[in-house]
Structures are given as structure tokens and as C-alpha cells.
Amino acid sequence: MKRESYQTEMFNWCETLKDQIQKRGQLDQFEDQIDKMIEALEDDQTTEEDWYNQAAALYRDITESEDTSERRAYVPIGKHVLPKLPYKYSALEPYISREIMVLHHTKHHQSYVDGLNKAELELKKARASKNFDLVIHWERELAFHGAGHYLHSIFWFSMHPNGKRRPTGALFQMIDLSFGSYSAFKEHFTQAAKKVEGVGWAILVWAPRSGRLEILTAEKHQHFSQWDVIPLLPLDVWEHAYYLQYKNDRASYVDHWWNVVDWREAEKRFEQAKEVVWKLY
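Under the working numbering, the letters of the sequence shown match residues 2 to 282, in that order.
Just so you know, the hints here were simulated from the structure itself, not pulled from any lab data.
Listed next, the in silico EDC-like pairs over lysine to aspartate or glutamate satisfying Cα-Cα at most 16 Å (straight line): (1) Lys37 to Glu16; (2) Lys221 to Glu198; (3) Lys3 to Asp45; (4) Lys196 to Asp250; (5) Lys165 to Asp263; (6) Lys125 to Glu142; (7) Lys19 to Asp29.
Remember, it's a predicted structure, so these values are computed and weren't measured experimentally.
When you get a sec, could you build the whole thing from the sequences and use the hints?
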């Protein structure tokens, strides 16, 4: 996305944000921050990354100001929700089309949210009634839809039109230690994604048992992978992620995906994930 287009999008976001927080009666609390954001957008010396970081900080402050009644320490059974995307549906074009993003997010991901909620509620009923005749069915549904929901919830935030295209710092160093070099990692990840049998994912994970990063693949969302790992960067290679644009050319989709990767999310996840330290075996 060109600087001018992104700038216009951010201006519109600021105006929409003002309207929303005014309706919530919080304009006085955040008006200065929004005005500073607008000043940054008008400053030729600031970069797109500056805008993104300032917008992310503003959004985080507003979110954290919500009433405690609206904030949850856990998701109640059957109450999972579809996360909002951090960009417009058209933002990843030309690499991922708007049509794909709309269907992928609002239809496919929503179906995983609905399926997960249904499975949780049915298992709750089974516990209450002590009737476990269908427990295996609902456990399978829980695994499939739950894994689909959680992986997609990472996937969306691992992309951005103006994202960070290469990792740095601790994550870059761990990639070098785990795979020999960033280029070796990228080639391994790319080939793994292209060769997933059927539908599934390629996933960069932190493995506390080995103290290293690993590249895993999963068929569907949950088959033929590992336990006791923390996903950092997932790539969806189900056909619904690319078929409308790339037809059966998954390889081109995977190659083009690197143009929208945003390593900032993976770096944040790694900073938290590496605190999980198990005895090495």
C-alpha cells in the first residue's frame, strides 16, 4: 500500500475513533492522543511504522480503559467471538484479495468460532446430564474448531500492509540458532507450507522442551503436529485462503505471502513464550 493511501486510511480511522469514544463519553480522556496521532500523520518526517506503532498504542490504551465489567479474565463456555481485523479487507492487496479476506474472515473463521462454542456447550450439557454417549464426537469438534479459531486469531495479526518484513532482536537470534540462518528458515518454512498434504498449516513454534524454534505442519488444523509448543507465526494453506485468487497454485500464494508478513506479532509472542521454560529432554 502506498504511503498516501495508508495515510488516508489512518486519517479516516482517527475520525471514526473520535466518534466512537465520544459516544462512550471518553473523548476528553483520549482527544489529545488522537490529535497527536493526526499531527504525526501530517508530519512528512514520520514513517508508516511510526503511525502504526502510535495507532497500536492508542488502541491499546482505549481498550484497557474499558469498564471492568466488559473485560474478562477468561472466555465463558460457548462465548468465543470473532476478532476484528487490524486492517481493512482490501489492505493486503494485491497479494491477498479483498474477496478472499472477506470470505475467509466472516465466513470460514466465523464457522470455527460457532463450531467451538457449540462443542463447548454440548460438552457442558454432557457433564450436567452425565450422558457421554456423544463425547468423542464433541471432543473431535472441540479440537477441530478450537484449533481453527486459535490459529486464525494469530494468523490475521501476523500480516499487515506496512508490517515488519524481517525479524530482529531475540527472535532473529533464535531463528539463527535453530535453523542456521534466516534464509535457511525461510526456505524450510516455504517448502513445508507448499507440501502440506491436503489442507492445513505451516507454523513456526517455540518448543520449550527443546529450547528451540521448530517448523511444524498440521493437516486440517490439528492433525499430525506436536504438543507442548507455542505457535508464533502460522500460515494458512487451506484452499479457502487462496483459491479464488491463485486457483490451485498454492506455491505462488505461499511465495507472495511473504510480502504481507508482519514479524511484530511473532516477536511479541516470542517475548512471552520464551518465559515458558521446561526441563530439557
